[in-house]
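Student: Here is what each chain is made of, one letter per residue.
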Amino acid sequence: MIVVVGLSHRTAPIAVREKLVLSAEGLPDFLRELVQHPQVGEALLVSTCNRVELVAAGRAGFESDLTQVAQACIEALSKRAPDISPHLYTHVGAGAVRHLFRVAASLDSMVLGEPQILGQVKDAYEVARATGTVGPVLHRTLPRAIRAAKRVRTETAIGSGQVSVPSVAVDLTRQIFGDLAGHVAVLVGSGEMAESVARLLKVAGASIIVVGRTLAKAEALASAVGGTARPWSALADSITVADVIVTSTSAPHHVVDFEMVSAARKARKGRNQFFIDLAVPRDVEPRIEELDGEFLYNIDDLSKVVSETLSSRSREATAAEAIVRLEAEGYDRWADAEQATPTIVALRARLSAALEAELSRSLRGRLKHLSVEDRSALSKMLESSVNRLLHQPTIRLRQAALERGSELLSLEQLSAAINELFALDTDQDAESSPDNTADLPEAEGSSASSLPPRPRVVASRR
Amino acid sequence: MIDIATVAFYLGVIAYSAAATLFFLDMARRDGSNSRAQWAPRLLALGGALHAVHVVTASLLSRVCPIDSLHFALSFTALIAVGAYLALRGRLRLFALGAFIAPIALTFLVGAQFVGQSSESVLGVSRTLLLFHIAANVGGVGLFLIAGAAGSVYLVQERRLRTKQRVAQMGSRLPPLDALDRTTHRLLLAGFPLLTFGVVTGAVFSHQLGSASSAESLRSLLGYATWLLLGGVLVLRKTAGFRGRKAAYGTIAGVVCMLIVMLLYAVRASSGASL
Numbered sequence: 001m002i003v004v005v006g007l008s009h010r011t012a013p014i015a016v017r018e019k020l021v022l023s024a025e026g027l028p029d030f031l032r033e034l035v036q037h038p039q040v041g042e043a044l045l046v047s048t049c050n051r052v053e054l055v056a057a058g059r060a061g062f063e064s065d066l067t068q069v070a071q072a073c074i075e076a077l078s079k080r081a082p083d084i085s086p087h088l089y090t091h092v093g094a095g096a097v098r099h100l101f102r103v104a105a106s107l108d109s110m111v112l113g114e115p116q117i118l119g120q121v122k123d124a125y126e127v128a129r130a131t132g133t134v135g136p137v138l139h140r141t142l143p144r145a146i147r148a149a150k151r152v153r154t155e156t157a158i159g160s161g162q163v164s165v166p167s168v169a170v171d172l173t174r175q176i177f178g179d180l181a182g183h184v185a186v187l188v189g190s191g192e193m194a195e196s197v198a199r200l201l202k203v204a205g206a207s208i209i210v211v212g213r214t215l216a217k218a219e220a221l222a223s224a225v226g227g228t229a230r231p232w233s234a235l236a237d238s239i240t241v242a243d244v245i246v247t248s249t250s251a252p253h254h255v256v257d258f259e260m261v262s263a264a265r266k267a268r269k270g271r272n273q274f275f276i277d278l279a280v281p282r283d284v285e286p287r288i289e290e291l292d293g294e295f296l297y298n299i300d301d302l303s304k305v306v307s308e309t310l311s312s313r314s315r316e317a318t319a320a321e322a323i324v325r326l327e328a329e330g331y332d333r334w335a336d337a338e339q340a341t342p343t344i345v346a347l348r349a350r351l352s353a354a355l356e357a358e359l360s361r362s363l364r365g366r367l368k369h370l371s372v373e374d375r376s377a378l379s380k381m382l383e384s385s386v387n388r389l390l391h392q393p394t395i396r397l398r399q400a401a402l403e404r405g406s407e408l409l410s411l412e413q414l415s416a417a418i419n420e421l422f423a424l425d426t427d428q429d430a431e432s433s434p435d436n437t438a439d440l441p442e443a444e445g446s447s448a449s450s451l452p453p454r455p456r457v458v459a460s461r462r
Numbered sequence: 001m002i003d004i005a006t007v008a009f010y011l012g013v014i015a016y017s018a019a020a021t022l023f024f025l026d027m028a029r030r031d032g033s034n035s036r037a038q039w040a041p042r043l044l045a046l047g048g049a050l051h052a053v054h055v056v057t058a059s060l061l062s063r064v065c066p067i068d069s070l071h072f073a074l075s076f077t078a079l080i081a082v083g084a085y086l087a088l089r090g091r092l093r094l095f096a097l098g099a100f101i102a103p104i105a106l107t108f109l110v111g112a113q114f115v116g117q118s119s120e121s122v123l124g125v126s127r128t129l130l131l132f133h134i135a136a137n138v139g140g141v142g143l144f145l146i147a148g149a150a151g152s153v154y155l156v157q158e159r160r161l162r163t164k165q166r167v168a169q170m171g172s173r174l175p176p177l178d179a180l181d182r183t184t185h186r187l188l189l190a191g192f193p194l195l196t197f198g199v200v201t202g203a204v205f206s207h208q209l210g211s212a213s214s215a216e217s218l219r220s221l222l223g224y225a226t227w228l229l230l231g232g233v234l235v236l237r238k239t240a241g242f243r244g245r246k247a248a249y250g251t252i253a254g255v256v257c258m259l260i261v262m263l264l265y266a267v268r269a270s271s272g273a274s275l
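Chains as they are written, first to last, in our numbering: chain R, 1 to 462; chain D, 1 to 275.
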């Protein structure tokens, strides 16, 4: 199992979060240093503008003491920013898995359903892999988190629509014009939001014209957004050539009126025009909507679309949570079954070693006349025999791990019995195994459920 | 041979039905998945291929040229519409139009079964000219069907943007307004010469055949109305910037007239009268 230690927009203001930001160059060293800790075997860091979270697993895999792993993570983070402790949260075991899955699925994001977080989780995984701080636990956990997130995105509408005014404005522009290459957008006035819209339109391929009352300011803004500046006197002409008009002036009256648009419409021979009025009081006379081919969205209209999208995403969150829950339960089952692995590996190592010793002895004695091919065939036969012999015990052990609390023998009882009968030392035997997890049956619930029923054992037999 | 034609017909019906269902499901979906929708154009193409097999084998069997009989001409019209849609779909971002084209193709494929298969024979007119007349009309109608569908989707999309309803949810599923307007215009441009030829040759035939019944007069009148409406849309677009909503209404009106003409032909043919 894993631990998650970190802070996010829910627990820490940006002034605290920014203290924990690590550079791309410094991250590998931080992770390497963390896995030097005697309790921490694996680690990765998810770092975004809204969260910094360490995901770690213990050195002893599923047998690790997660409390100590969590403590080591807290110490590592606190070392970078001593005063962050009150903002840190810790998730351990199944809770940590669920949290990681929710984060990857964007259910814990500031903007529900935002798509960037999945890429950021993938990046964190890749960096840790490249650094060599990912082991068997995280190698199985992260792909499952990513799979859960992908299911959420494809099976729900949690990522549909746009959730900021500028992106909604550009999305609407695309719904009218499609590809924006070759289209002209005019920015009338200035303002942060209008500038964002202009930048997005530019990225989408539109040519930008900035019209301002002060030409110097218009030129500065045009330079910033990659457009050209025109004086205020060119407003009517600019509107004639413009497909998209973004207005954001502080004028107390309409700067684009019905007559101006009617005249432009005639000159444009009826081609569609889209007005994005971000100003309050409004810059564009609302009556222009009566004209065929003229579309007008003001700040309220755009905000309403954003609000509808967010509401829609909130409704979808219920379905998304259900998917995450299912995926996390699947992970829990796998993790339970994995607890049988040390015993299985030790048993396999013991049997393989015994049979290989016997085979070597025979090959030096009575069977020394055998050819290389025959020796190889014999070796393969023994390996196959080990697999066949251990198939049922492996399944039984995994089943015991999955069915905790039932009347069947527990995993601990079975493992203890096997260890006793075969005099196994799980750590030592597992290390001596050449390939300690190869060929083990997959630990999904389905494989166990297809088995014949295990014998029930009454308490007195224990 | 008859088995191939029949099997192709039924499989074509199934493929068109499945394609129509998937196109509509895509329009109605709430989730972010489009995996099902990817099958819709493939099924439509499969339906078109089966449709073509049906037309060819059935016409060979009944020894009738596909455009020499109203039965096959109707069927062929839908085939042209499907082919044109599939050819234009990717380039013009017209995915949602499939929700109109698939049911139209299905209707024409099935509807043609209720019209007689016999080769039409009209005494007193040039057989070659008659074949060209039918071929031009079939081609024109096929293109106008898509133009009508594009005009209809334009009105839906335009209304949605104007009323500001479901803007976020449906945004990515309907084609952009400009793409729809451009498609309608291009299809009208491509189909109008064919329609003109059909109307002119039709007028020649009417003149050669002499007196006409009231149904035939109505048919001719609607044919001229179609030509005037669609031609008017093209001329007004060039001269007066007649685009967007008005062009869509004009196109739909023309296509409706055209469909009534086809219906009159079908009723006439099914009642056993010659072309």
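By construction, these hints were calculated from the structure, which means they are not laboratory data. Just to be clear, a hint being listed does not mean it is correct.
Heads up, simulated PhoX-like pairs for lysine-lysine below, C-alpha to C-alpha not over 25 angstroms straight-line [said to hold, decoys possible]:
{"hint": "1", "chain 1": "D", "residue 1": "238", "chain 2": "D", "residue 2": "164"}
{"hint": "2", "chain 1": "R", "residue 1": "269", "chain 2": "R", "residue 2": "217"}
{"hint": "3", "chain 1": "D", "residue 1": "164", "chain 2": "R", "residue 2": "304"}
{"hint": "4", "chain 1": "R", "residue 1": "380", "chain 2": "R", "residue 2": "368"}
{"hint": "5", "chain 1": "R", "residue 1": "19", "chain 2": "R", "residue 2": "122"}
{"hint": "6", "chain 1": "D", "residue 1": "238", "chain 2": "R", "residue 2": "19"}
{"hint": "7", "chain 1": "D", "residue 1": "246", "chain 2": "R", "residue 2": "202"}
{"hint": "8", "chain 1": "R", "residue 1": "202", "chain 2": "R", "residue 2": "217"}
{"hint": "9", "chain 1": "R", "residue 1": "269", "chain 2": "R", "residue 2": "304"}
{"hint": "10", "chain 1": "R", "residue 1": "266", "chain 2": "D", "residue 2": "238"}
{"hint": "11", "chain 1": "D", "residue 1": "246", "chain 2": "R", "residue 2": "304"}
Which bits of chain R does chain D cover? Going by a derived footprint, with three or more residues having C-beta under 8 angstroms, they are [claimed, not checked]:
{"hint": "12", "region": "269-283"}
{"hint": "13", "region": "293-304"}
One-sided and incomplete, this derived list gives chain D residues near chain R with beta-carbon spacing under 7 angstroms [to be verified]:
{"hint": "14", "residue": "5"}
{"hint": "15", "residue": "8"}
{"hint": "16", "residue": "60"}
{"hint": "17", "residue": "164"}
{"hint": "18", "residue": "173"}
{"hint": "19", "residue": "176"}
{"hint": "20", "residue": "177"}
{"hint": "21", "residue": "178"}
{"hint": "22", "residue": "209"}
{"hint": "23", "residue": "210"}
{"hint": "24", "residue": "245"}
All C-beta atoms in this analysis are idealised placements derived from N, C-alpha and C, irrespective of residue type, glycine included.
Student: Can you confirm whether the C-alpha distance between residue 266(R) and residue 238(D) stays at or below 25 angstroms?
Tutor: holds (13 angstroms)
Student: Is residue 202(R) close enough to residue 217(R), meaning Cα to Cα at most 25 angstroms?
Tutor: Satisfied, since the Cα-Cα distance of roughly 19 angstroms is no more than 25 angstroms.
Student: Can residue 5(D) be said to touch chain R, with a Cβ gap under 7 angstroms?
Tutor: Violated, because the Cβ-Cβ distance from residue 5(D) to chain R comes to roughly 41 angstroms (cut-off 7 angstroms).
Student: If you draw a straight line from the CA of residue 380(R) to the CA of residue 368(R), is it 25 angstroms or shorter?
Tutor: holds (17 angstroms)
Student: Answer holds if the nearest beta-carbon of chain R is closer than 7 angstroms to that of residue 177(D); otherwise answer violated.
Tutor: holds (5 angstroms)
Student: Do three or more residues of the region 293-304 of chain R come closer than 8 angstroms to chain D, measuring C-beta to C-beta?
Tutor: It holds, with 5 qualifying residues against the three required.
Student: Hint check: residue 246(D) vs residue 202(R), CA-CA at most 25 angstroms. Holds or violated?
Tutor: The hint is violated at about 31 angstroms.
Student: Does residue 176(D) meet its interface restraint, that is, does its C-beta lie within less than 7 angstroms of any C-beta in chain R?
Tutor: holds (3 angstroms)
Student: Per the CB criterion, is residue 8(D) less than 7 angstroms away from chain R?
Tutor: violated (35 angstroms)
Student: Holds or violated: the hint that residue 178(D) contacts chain R, with Cβ atoms closer than 7 angstroms.
Tutor: Since chain R brings a Cβ to about 5 angstroms from residue 178(D), closer than 7 angstroms, the hint holds.
Student: When the nearest CB of chain R is found for residue 245(D), is that gap smaller than 7 angstroms?
Tutor: For residue 245(D), the interface hint holds, since the closest Cβ of chain R sits about 5 angstroms away, which is under 7 angstroms.
Student: Hint validation: residue 164(D) versus chain R, beta carbon distance must be below 7 angstroms. Holds or violated?
Tutor: holds (6 angstroms)
Of the numbered hints stated above, those contradicted by the structure are hints 1, 2, 6, 7, 9, 11, 14, 15, 16, 18, 22 and 23, listed in ascending order.
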